[in-house]
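S.K.: The chain contents come next:
8 protein chains.
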Amino acid sequence: MSKKPYVRLDKNDVAVLLVDHQTGLLSLVRDIDPDKFKNNVLALSDMCEYFKLPTILTTSFETGPNGPLVPELKEKHPNAPYIARPGQINAWDNEDFVKAVKATGKKQLIVAGVVTEVCVSFPVLSALEEGYDVFVITDASGTFNEMTQKAAWSRMEQAGAQLLTWFGAACELHRDWRNDIEGLGTLFSNHIPDYRNLITSYTQLTAGK
Amino acid sequence: MSKKPYVRLDKNDVAVLLVDHQTGLLSLVRDIDPDKFKNNVLALSDMCEYFKLPTILTTSFETGPNGPLVPELKEKHPNAPYIARPGQINAWDNEDFVKAVKATGKKQLIVAGVVTEVCVSFPVLSALEEGYDVFVITDASGTFNEMTQKAAWSRMEQAGAQLLTWFGAACELHRDWRNDIEGLGTLFSNHIPDYRNLITSYTQLTAGK
Amino acid sequence: MSKKPYVRLDKNDVAVLLVDHQTGLLSLVRDIDPDKFKNNVLALSDMCEYFKLPTILTTSFETGPNGPLVPELKEKHPNAPYIARPGQINAWDNEDFVKAVKATGKKQLIVAGVVTEVCVSFPVLSALEEGYDVFVITDASGTFNEMTQKAAWSRMEQAGAQLLTWFGAACELHRDWRNDIEGLGTLFSNHIPDYRNLITSYTQLTAGK
Amino acid sequence: MSKKPYVRLDKNDVAVLLVDHQTGLLSLVRDIDPDKFKNNVLALSDMCEYFKLPTILTTSFETGPNGPLVPELKEKHPNAPYIARPGQINAWDNEDFVKAVKATGKKQLIVAGVVTEVCVSFPVLSALEEGYDVFVITDASGTFNEMTQKAAWSRMEQAGAQLLTWFGAACELHRDWRNDIEGLGTLFSNHIPDYRNLITSYTQLTAGK
Amino acid sequence: MSKKPYVRLDKNDVAVLLVDHQTGLLSLVRDIDPDKFKNNVLALSDMCEYFKLPTILTTSFETGPNGPLVPELKEKHPNAPYIARPGQINAWDNEDFVKAVKATGKKQLIVAGVVTEVCVSFPVLSALEEGYDVFVITDASGTFNEMTQKAAWSRMEQAGAQLLTWFGAACELHRDWRNDIEGLGTLFSNHIPDYRNLITSYTQLTAGK
Amino acid sequence: MSKKPYVRLDKNDVAVLLVDHQTGLLSLVRDIDPDKFKNNVLALSDMCEYFKLPTILTTSFETGPNGPLVPELKEKHPNAPYIARPGQINAWDNEDFVKAVKATGKKQLIVAGVVTEVCVSFPVLSALEEGYDVFVITDASGTFNEMTQKAAWSRMEQAGAQLLTWFGAACELHRDWRNDIEGLGTLFSNHIPDYRNLITSYTQLTAGK
Amino acid sequence: MSKKPYVRLDKNDVAVLLVDHQTGLLSLVRDIDPDKFKNNVLALSDMCEYFKLPTILTTSFETGPNGPLVPELKEKHPNAPYIARPGQINAWDNEDFVKAVKATGKKQLIVAGVVTEVCVSFPVLSALEEGYDVFVITDASGTFNEMTQKAAWSRMEQAGAQLLTWFGAACELHRDWRNDIEGLGTLFSNHIPDYRNLITSYTQLTAGK
Amino acid sequence: MSKKPYVRLDKNDVAVLLVDHQTGLLSLVRDIDPDKFKNNVLALSDMCEYFKLPTILTTSFETGPNGPLVPELKEKHPNAPYIARPGQINAWDNEDFVKAVKATGKKQLIVAGVVTEVCVSFPVLSALEEGYDVFVITDASGTFNEMTQKAAWSRMEQAGAQLLTWFGAACELHRDWRNDIEGLGTLFSNHIPDYRNLITSYTQLTAGK
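These protein sequence lines are chains A, B, C, D, E, F, G and H, in that order. Residue 209 is where the first sequence ends in the working numbering, and the numbering goes up by one at each step. Residue 209 is where the second sequence ends in the working numbering, and the numbering goes up by one at each step. Residue 209 is where the third sequence ends in the working numbering, and the numbering goes up by one at each step. Residue 209 is where the fourth sequence ends in the working numbering, and the numbering goes up by one at each step. Residue 209 is where the fifth sequence ends in the working numbering, and the numbering goes up by one at each step. Residue 209 is where the sixth sequence ends in the working numbering, and the numbering goes up by one at each step. Residue 209 is where the seventh sequence ends in the working numbering, and the numbering goes up by one at each step. Residue 209 is where the eighth sequence ends in the working numbering, and the numbering goes up by one at each step.
With the rest of the complex left out, here is chain A:
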């Protein structure tokens, strides 16, 4: 049990780490279907942009079989620090990466990546070790199978990480719909088909009012 029951995401105090969403590594992900996973990763990326969260990209061995970063992430975050690690498996073992994290000056970290048990879990544990509050975006992280997923989640939970999805994170960051109804609505509408359907029905029915 955490010491403090509610460690709450604060959009002014959070940075986002996107770890190793590379085209080759994505073929290893089998605990979540590829079309759902792509949607979640892009939703998380849109969320970072929407809340203007400092975002850090990192990859391992891009020029080898792991493949390049998914191009959509590079395009969405053109000015984000981009650390192509020369060999470190745990991104936190890379000095440039840690410097980039510290340069944000934030105390809360949102982390997602591929594969969950390694590329996500290792820097999450390292960041917890250094006293950060860490939030793992479970549905924008993927790994080999459910057995691996369960073990990875267990290890991070035990160490004090909080698990949530991109939707939960977005809601916790936004706090109040009145801050911007249209912006958040668009984010949800673009990535939650059921929500888009609600809005489409609603718009038509109230059109003539």
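Keep in mind that the hints are not guaranteed to be accurate.
In silico lysine to aspartate or glutamate, EDC-like type, Cα no more than 16 angstroms apart, as pairs [to be verified]:
1) F:K36 to H:E146
2) D:K36 to G:E146
3) E:K36 to F:D33
4) C:K150 to E:E157
5) C:K150 to E:E146
6) A:K150 to H:E157
7) E:K4 to C:E130
8) D:K150 to G:E129
9) C:K4 to D:E130
10) A:K4 to B:E130
11) B:K4 to F:E157
12) D:K4 to G:E129
13) G:K4 to E:E130
14) C:K4 to D:E146
15) D:K4 to G:E130
Note that these hints are calculated values from the structure, not bench results.
Fit chains B, C, D, E, F, G and H to the supplied structure of chain A, relying on the hints for placement.
M.R.: Chains B, C, D, E, F, G and H in isolation, oriented as in the chain A frame:
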């Protein structure tokens, strides 16, 4: 591990928070089948009435795509405080809601709602932060999929919430069948088909005795 | 492959056989959850009443461990022929039952019951043998497990039965919403929570128009 | 068993029927996840456009709780016949719809829609009855649950329909990659994340060659 | 579709083939849990004894890694023909086995064994080829996994075999409870815990009557 | 995390509580198949007898729809304290039950029952509150569905209970095969078909040695 | 239903078609886990070699994103016809491929490949159209998901293909263990861990005999 | 929650315990498919060899029905201490075993074995009790079913063990790809088919560069 192994529901010290069971939001629920979910929500509502538990209703954006509160809940709890939140995603961020909770004078809170990761999880964490004992009714709460459910449960467990179903809550509140056999039996019979079948068989077989 | 691609339900030429929905036997049903199953059986029953379809009830060993007929079915169809079979496992082996079927003068039979592999499958095969067009309501029929379900469905399909659910049957019988929008809408609203939610949202949004 | 083992899709002899992909009805679909389903429906729509297949849109009760057609389909097929049925559940019972089908002069029909057991199954059976070769796009059609899906597929198979997915249909229509590598590659890349990843990796690795 | 819709089991015209239920081969069975599977095999064996059906036992390579016949089967059927095949994989390729089958003079065959795709499927196909009516007891047959099971069932269905479980077979053989209530009740009570519970409840409730 | 990593079962310091394994309540159990569940309950019962563990039986409302205790348990433990509770849902609220527990003089409790969330969970929490080390036999306890099971396990884990199966408990109690090879082997052979198969193969192969 | 109940594999009259097992395409396979799938494909390949079956390899677009043939297949079948198709999706549309098939002079074809719905299904349907008896090795063929798999299997079944696994095929080809116990045993031992375990246990236990 | 968030595997301070991977016991494993499981166990074994980790083998009752150690493990670790326990179920109760562990001088232990709930869980708990940091390789450990697996994992987590898979352990031990790209690449390529495919594609595409 909780400090105190057994924090037990006490019908004289509990209030119930039903959060955002709205017709639009219900279309987002996919971790539990809709007919089962409807049955569970109505069972929880009947349980509140049966034990005369102070109940608080709240909704978000009722006039928008989220849709109105499920009409059965409004009808069942006509005198319950009803807080239509103007924008706060976490109900606990709404002053009127917190006032209504505090006005009950209870120390234990039962919470259920849609979607689990946000509308349930956020006020649960806030209430734990303020020292309440919180019981989440898992089967009257719903969310997007199993992955989201698992993450939401994990976060609430870590913070000290207790998870149970409406049936478990009803049994813990009732303590002893002799307090009212017929009343509890009716509650179960109306919402647990297997239990109704037992009673029907029993009634026929003992009819002539 | 059927000789005729489309053998279509015709509300003027169909009778319904509800076989052995008894309280004891229902405890054997484990290929569908009990609350879903109850909802489906009552939906089918309401459908029979709505379309005024001649309906025949039958049971086996009601006074023994199989238990009495589910009381809701008896109440809904007070004037239906009710054949309490003295021992025949296949209802079609009971002369009174077959007479009741023939007395309806219909050529199409809708069948549902418990358990699928026996109480449904046997009379379905017998009726096919005698030249009836048979429609099995899969979701108002239940059995021990998925393996049994698959075997039972396979045998009935091979023999020429058509499989569908109560919803599909209702739609095929109704043909055109304009025949009665409110009636069919009520039937669906009472047994399909998602559909009821759509209607509730719609009703509120268009209330002021 | 079909009389002719291989009835093969021919892009010069096929029309596409998109039935009732309406925002309200989509909330009933629970045999396929909403983000996957949306992707499949849009993929099928893109396929129709890519192969310039005559496409017919139809809806039921658009102004009621079923909701409007998904806007993306209307936008993608602005000149397609659009039959808003006044009440017929089986689209084939609507004269305008059948006229539109016949006006295409095609002998093969691709059908997808919501919900599978009714809005897809009924016109599929009617079209088979009239001698068309019918191909059901299973993954762009959705329904209440797996039990309903299995029953619907069984009925259509028995009547002679062929089941395949949008990807299978696209491959069978295209016949030979040399007809247009880039076009088909783009269609797949836009809707199959794994395939896009292969292409991204390939493009980078061969960039400097 | 079968030529005759209802080919019905007749206890006077059926023989049972139990193929290769050997202790080693049983470790390969993973499409059904071992405790359920054991229960089903013993239930089938008890059924054979109860209806006094001529039963034939056969094994392959008993002295090698496949292991000996499950001892319970040998004990239950001490006088059954027992063909330890010297090498034939398809039992029907063994002359002694076919002779034993023909010596029963029956036209209907019930078959179960391990593994489904080979030891069951091969003699089933051979027997169908020779004009027998064949009934496969699916839940007393086991194989490597669900994929293998589905392929094996598909092949046997296509060839005209009927699939059912031991319970379905027992009911079809018995025809009428009045033939012997206690005997059949005991068979079910010994192998269907839910049924035993019904009987236990019933017996107590009616004890004092 | 427990204070002491390894709280180990000690056959000289453990008592067993079998709670509400009644024929009616068993029809509510759907998170484990009935034949597996029966096997597990009987295995646990045999284990108690084998290790001569003091065992306490209790039931609720035996004369009502919950039904009588499963007769096998009564027969196996004829001299066990048998507390038919007049109404208390939590067995620990019954003075006679607690007296019987205390009379054993043991500090460790093994608990199993129906349904997990109530009849098991409540006395487990109460016993933990009083300082007992509690071991829940998960596979001899059953409840409505997986969602309820997960919630019940979570609550007991949080309070400090240890989860294991009857097999794990038997192994931990036995410590060393040399204490009695044949006795433990028989227990396993009677309830683990795979283990029996190993022994049967082994026995035959070494028979002539 | 097939005209002839038992069309049986004959090792003297069968050729094997391995279609598009390419490293890129394999990343699309998600209806079977990658380690199981690899094992099955290599088992099928070993089976071809063991029975000296004429085998034909084919690929599509090897130099593009689909990637090269899995190297193990090329090594195992160095002299097999190897048709790198320039663009045809259906291998049967490639003249060289059909020539290679016809050059074998066989009437039975075993087919496996990636993805099932296209690369397997299309040549299977074409071969059936030309009168071949076709056997699909389901577990050495893979595709996007279960929904696609079911549709693909359905279409091939309807057209008259027989479904089985590599193990079933091997057994049917071998006919009698006495033809070569060691050879077949080695094939199974190398690809079925459970079988290898049986043999290892057996070998040790009988070592001293 | 652990006291120290990140207890990290250190290849210089870790020993590996492989417990009871015996041919007979492996037939009991049903929470993971046999081909996947074999692959994982051999991968773990290769990992031990690659990192030159001191490895200890132990078995129970090798000459009885549990069967001999899987021969591959014996061959891979010819010089490893090999403790054939005469009867202790918990390997930690065997003095020679504990001596062998202590002789390694390591503080971290990696443990895997069959069955998880007993042969893994017991020594894991004992080692934690003595102050070791323990890492359980979940996917090279197997047990009867998922229910047992969940209970076993829960107990070990509560006591402070860390769960991970062989892949996660290998990555954490390696730290940096630059330590040896080819060696780790070969390990992954031999046991992760998806990874091998990436490398094969990559190698071909970059061959001519």
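S.K.: Hints first: check each against the structure and report whether it holds.
M.R.: Structure-based check of all given hints:
no.: 1; hint: F:K36 to H:E146; result: holds, 13 angstroms
no.: 2; hint: D:K36 to G:E146; result: holds, 13 angstroms
no.: 3; hint: E:K36 to F:D33; result: holds, 8 angstroms
no.: 4; hint: C:K150 to E:E157; result: holds, 12 angstroms
no.: 5; hint: C:K150 to E:E146; result: holds, 12 angstroms
no.: 6; hint: A:K150 to H:E157; result: holds, 12 angstroms
no.: 7; hint: E:K4 to C:E130; result: holds, 10 angstroms
no.: 8; hint: D:K150 to G:E129; result: violated, 28 angstroms
no.: 9; hint: C:K4 to D:E130; result: holds, 10 angstroms
no.: 10; hint: A:K4 to B:E130; result: holds, 10 angstroms
no.: 11; hint: B:K4 to F:E157; result: holds, 13 angstroms
no.: 12; hint: D:K4 to G:E129; result: holds, 7 angstroms
no.: 13; hint: G:K4 to E:E130; result: holds, 10 angstroms
no.: 14; hint: C:K4 to D:E146; result: violated, 26 angstroms
no.: 15; hint: D:K4 to G:E130; result: holds, 10 angstroms
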